[in-house]
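Residue numbers (the UniProt record's numbering), protein chains in the order written: chain A, 1 to 179; chain B, 1 to 184.
It is worth saying that the hints were derived from the structure and are not from the lab.
The structure presented is a predicted model; accordingly, all values stated were derived computationally and were not measured.
Heads up, some of the hints might be wrong.
Unchecked claim - Think about it this way: if two alpha-carbon atoms lie no more than 25 Å apart in a straight line, the pair counts; the simulated BS3-like pairs of lysine-lysine are: (1) LYS95(B) - LYS148(B); (2) LYS35(A) - LYS154(B); (3) LYS35(A) - LYS145(B); (4) LYS36(A) - LYS25(A); (5) LYS145(B) - LYS36(A); (6) LYS154(B) - LYS95(B); (7) LYS35(A) - LYS24(A); (8) LYS95(B) - LYS79(B); (9) LYS79(B) - LYS6(B); (10) LYS36(A) - LYS180(B); (11) LYS25(A) - LYS35(A); (12) LYS79(B) - LYS138(A); (13) LYS36(A) - LYS24(A); (14) LYS154(B) - LYS6(B).
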Amino acid sequence: MPTLKEQFWDPVAGFGVTFRTMFKKVVTEQYPFEKKPTAPRFHGRHQLNRWPDGLEKCIGCELCAWACPADAIYVEGASNTEDERYSPGERYGRVYQINYLRCILCGLCIEACPTRALTMTNEYELADDNRADLIYEKQDLLAPLLPGMEQPPHAMLLGDDEGDYYRGSFRPAKNESEA
Amino acid sequence: MGIEEKLPSGVLLTTVEGVAGYMRKASFWPATFGLACCAIEMMTSGGPRYDLSRFGMEVFRASPRQADLMIVAGRVSQKMAPVLRQIYDQMAEPKYVLAMGVCASSGGMFNNYAIVQGVDHVVPVDMYLPGCPPRPEMLIDAILKLHKQVQTSKLGSNRRDQIEALETEALNALPTSEMKGLLR
């Protein structure tokens, strides 16, 4: 035989929880309509960075490919010539592919990159309906040309040799105050 | 005779397809197929914070016969592959498959003899979702992209023509071993 409290008070107390919840703030994120920013260092899609004059930072050393635990990166380097220059110095990455169906976004490639050419963005909407489109090529990964940047190939505009670039002692690019 | 002869050609059928697509995408019930860590993110997507029920998908069916979408969440081992195929065969048409996470999509970092290198070796996949594991927003984004596919899906003879066209295209596609150029 249940006691009087169990018969009458307990149901009221139980529905009290439901009733109180109606006045609480809703925790649901309205994702596709209101996007909340990720954490600033969230590991999203990769990006290949550029120098302020538009030359690529990637030197085609393949250290990212060697660091990758999932073998998701394929790099093929080639030599710069005086007529056709993509990066300051001797070499540049001619082929650069990241297979996002293998990549686990761990960031070991970012740690391995000696020139900070490869970094990660906060972009995460990557789903696609076939495997071929999820292999991102160099033109998909390269950072957009900002004002003052020029599409490579072109000569080194900011310094006399690659040493000026890597020491940070280059001239500021046109239309830009900071180096 | 019928109303479709009084209307300009194609109007009625396309409208029916649009309505059917809208109905299909608005109550799109997933089957639970959580195999590994991705399943945790899949459960989170159904929870209050990300709330898949905003898109009519809150009921994760335990029975494949009542489900429209199979979310393969996690790595599929060789031993699990026949089970996966059987679950897929038990689902009623129209059915869709979403490969969630890199392991389900391509094997991911587990490039070894124990793991199926992508569930598309076993079942046809409609949407690939990278990430390890993908966050709930990524899953919702993939599902919404799949909704767009479902909305524009064909019916009846149009559907048969589409399947035939896709099959012909797949049969005539260049094998990967003969592809030349930068992609290798």
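- Proposed proximity, LYS148(B) with LYS95(B) (alpha carbon, max 25 Å): holds, 15 Å
- Query: Are LYS79(B) and LYS6(B) close enough, with their CA atoms no more than 25 Å apart?
  - Reply: violated, 57 Å
- Message: Need the status of pair LYS36(A), LYS24(A): alpha-carbon distance at most 25 Å?
- Response: holds, 20 Å
- Query: Is the hinted pair LYS79(B) and LYS138(A) satisfied, with a Cα-Cα distance of at most 25 Å?
  - Reply: Between LYS79(B) and LYS138(A) the Cα gap is close to 38 Å, so the pair fails against 25 Å, i.e. violated.
- Is LYS154(B) close enough to LYS95(B), meaning Cα to Cα at most 25 Å? Status holds; Cα separation ~13 Å.
- Query: LYS95(B) and LYS79(B): Cα distance at most 25 Å?
  - Reply: Satisfied, since the Cα-Cα distance of roughly 23 Å is no more than 25 Å.
- Item | LYS25(A) paired with LYS35(A) [C-alpha distance capped at 25 Å] | holds, 18 Å
- Query: Within 25 Å, alpha carbon to alpha carbon, are LYS36(A) and LYS25(A)?
  - Reply: holds, 17 Å
- Is it true that the CA of LYS35(A) sits at most 25 Å from the CA of LYS145(B)? holds, 16 Å
- Is the hinted pair LYS154(B) and LYS6(B) satisfied, with a Cα-Cα distance of at most 25 Å? holds, 22 Å
- Message: LYS35(A) and LYS154(B) were given as a pair; does the straight-line alpha-carbon distance stay at or below 25 Å?
- Response: Since the Cα atoms of LYS35(A) and LYS154(B) sit roughly 32 Å apart, the hinted pair is violated (cutoff 25 Å).
- Message: Against the 25 Å threshold, does the CA-CA distance of LYS145(B) and LYS36(A) hold or violate the hint?
- Response: OK: LYS145(B) and LYS36(A) at ~19 Å, within 25 Å.
Hint violations for this structure: numbers 2, 9, 10 and 12, all remaining hints satisfied.
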